[in-house]
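Enquirer: Now for the letters of each chain:
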Amino acid sequence: MRFKLTFPKELADKPVFSEAILRFHKPFNIIEADVDAEKGIIVASVDLSESDLKDFIRFFEERGVRVELLAKLLEVDLERCISCGACVSLCPVEAITIAKDWSVVFDEERCVACGLCVNACPTHALKLSIR
Amino acid sequence: MSGDRGAETLRSYEEINEKIRRGDVVVLTADDYARLADERGWREASREVDVVTTGTFGAMCSSGAFLNFGHTEPPMKMHRCWLNDVPAYKGLAAVDAYIGATAMSETRPFEYGGGHVIEDLVAGREVELRAEAYGTDCYPRRYLETSITIYDLNQAILVNPRNAYQRYNAATNSTDRILYTYMGTLLPYYGNVTFSGSGVLSPLYKDLYLETIGIGTRIFLGGGIGYIIGEGTQHNPSIGMSTLMVRGDLRKMNPRYLRGASFYRYGTTLYVGVGIAIPLINENVAKTAALRDEDIYTDILDYGVPSRSRPSVRRVSYAELKSGRIVINDRSVKVSPLSSMKMAMEIASILKKWIEEGIFYLSRPIELLPNDTVFKPLEVRRREPRVSEVMRRDIPTIKADEDLRSAAKLLVDHGIDHLPVVDGYGRLVGIVTSWDIARALAYGRMKLEDIMTKRVITATDYEPIHSVVAKMERYNISGLPVVDSDNRVIGLITADDISRKFATRGAVP
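First to last, the sequence lines map onto chains A and B.
Residue numbering for the first sequence follows my numbering, starting at 1 and increasing by one per position.
Residue numbering for the second sequence follows my numbering, starting at 132 and increasing by one per position.
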């Protein structure tokens, strides 16, 4: 499951994310972190059961952190995609592959939002939903 | 092999067209024909098959369209004009223009360009036309802003000076930074490979000696019907890099097969769909039409070398490229096609269907394309100053195991800021600057090896000065060791040397 956390600046000196790791005893994979004077954003993924998920959301919301669950990180405009494959060799996690019939196939679940494919797409068919 | 180029010894164009009329012509796409020939031999396969269809769908920068807008009231001799802010060429009569694929929008450069204008026109979308003129007695109007669609135009004719390369080089990048090229994004340290061309489906490769392809050949172009009007620019048949010049009526084309595109930090272009039906008129044609991806080779060039003669990293077949991974320096590297194999197959299949349904007949070329032209480089005649004219030759070097103090002394005694570090054979292994010495003092490091820069940017003695200046800018450095082909230090060139040289001469290169 992927999620985006938005921290207000009042929490700048609080180790909220580390507390969550200790509390839920799960390995979190941080996909993107962006911190400036106004706010902090962390995009991460973790495997959680249904019941843990509710606790997880409550944990952050009680501390003033906004939680958004992300279905997919990469948006593909299949009308614009010409299945050229320019993106395929740039993907560091095999989220983009070429099928037997030469269609370019996107596995948004595996995407880590590195963004290399977005700029490389000649027809502007790709977009990251977190940016 | 068999007789004259273009000889119709297996079957004639008339025989094929008669079969199309009767509805019993045998057409295979080039990949299916190659498979059949692989199983039964090309000789037997060519007895059954009359025509082989090919296709390619790739970025073709030398593309564009002639447009005729018709006259306004009062009329205008457009001196400059823009379509959706993309400048079109106006060195033609009053309301004729040529919109080129790589011309970029003045308001959205690198994002939208001539290729997109062509796609928008073909899709029937409205395009903003803006024009300026100086006004004449016969053409008084001086300014125009309006919107047009393709249906308003008198003519909209795609005329592409260079399309459908027989094959193209693949690309990789040896440097330590990402390169953004017309071959797409190239990751550092040979991080990936990109290639273009459809291999087994490549129109010009399937008729390798250009025996059926010439002026007047009817083709699939952008979803409509087009014609070959000659060899393309940079046509280079001697090394298997022939090209085509083509034309077709834009109003009968389909935006699925003409797509505006842009390559990040390179610019805009147009993806063009081209398909050619190759009649198996003789054994040469029957044999080359059967070539498989395994038989078609190209070079992987290092785009990290900013030269027109980029070194080849290795030869590679289209079969290897299409497998998705190839080996460079013992490492498996991912490969990206840039032209769409899926669309290429679709185009070859559509062309096959057109012929089977009697919509598309084959035409004998009026004249075959030249097969002996070469592609010459442009030599720069104006004298460009080179490193050898500016570099210092009598410079000290130092070995990596010597101490900091000797390095400092050499810098001071020679009044220089850069000290190349060499091995026992005089080969460059690092560089130390006066700033490195200061830093070493500040942090208490005493060994040269610990403070020297090991990845040194170098120059060669025949390199033009402007290329060295570009390196100084890019890497934010002020001096480069000059090395020979064995990486031995033969001198040093610094920003000071360059400015001194051109200050006294009164001219900057």
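These are computed hints drawn from the structure, not numbers from a lab.
A virtual CB, placed ideally from N, CA and C, is assigned to each residue, including glycine.
Treat each hint with caution, since some may be false.
[As the list claims (entries may be wrong)] Only pairs whose alpha carbons sit at most 20 Å apart, straight line, appear in this in silico PhoX-like list of lysine-lysine:
hint	chain 1	residue 1	chain 2	residue 2
1	B	530	A	100
2	B	530	B	465
3	A	100	B	465
[Claimed, not checked] Pairwise CB distance ranges, derived in the manner of DEER restraints:
hint	chain 1	residue 1	chain 2	residue 2	range
4	A	75	B	280	26 to 36 Å
5	B	239	A	18	38 to 48 Å
6	B	425	A	94	49 to 59 Å
7	A	103	B	425	35 to 45 Å
8	B	575	A	12	34 to 44 Å
9	A	99	B	203	48 to 58 Å
10	A	12	B	631	49 to 59 Å
Enquirer: All hints are to be evaluated individually against the structure, with a verdict given for each.
Expert: Right, here's what the structure says about each hint:
no.	hint	result
1	530/B with 100/A	56 Å, violated
2	530/B with 465/B	40 Å, violated
3	100/A with 465/B	17 Å, holds
4	75/A with 280/B: 26 to 36 Å	30 Å, holds
5	239/B with 18/A: 38 to 48 Å	44 Å, holds
6	425/B with 94/A: 49 to 59 Å	26 Å, violated
7	103/A with 425/B: 35 to 45 Å	23 Å, violated
8	575/B with 12/A: 34 to 44 Å	36 Å, holds
9	99/A with 203/B: 48 to 58 Å	51 Å, holds
10	12/A with 631/B: 49 to 59 Å	52 Å, holds
Figure legend: structure checked against the earlier numbered hints; hints not met, in rising order: 1, 2, 6, 7.
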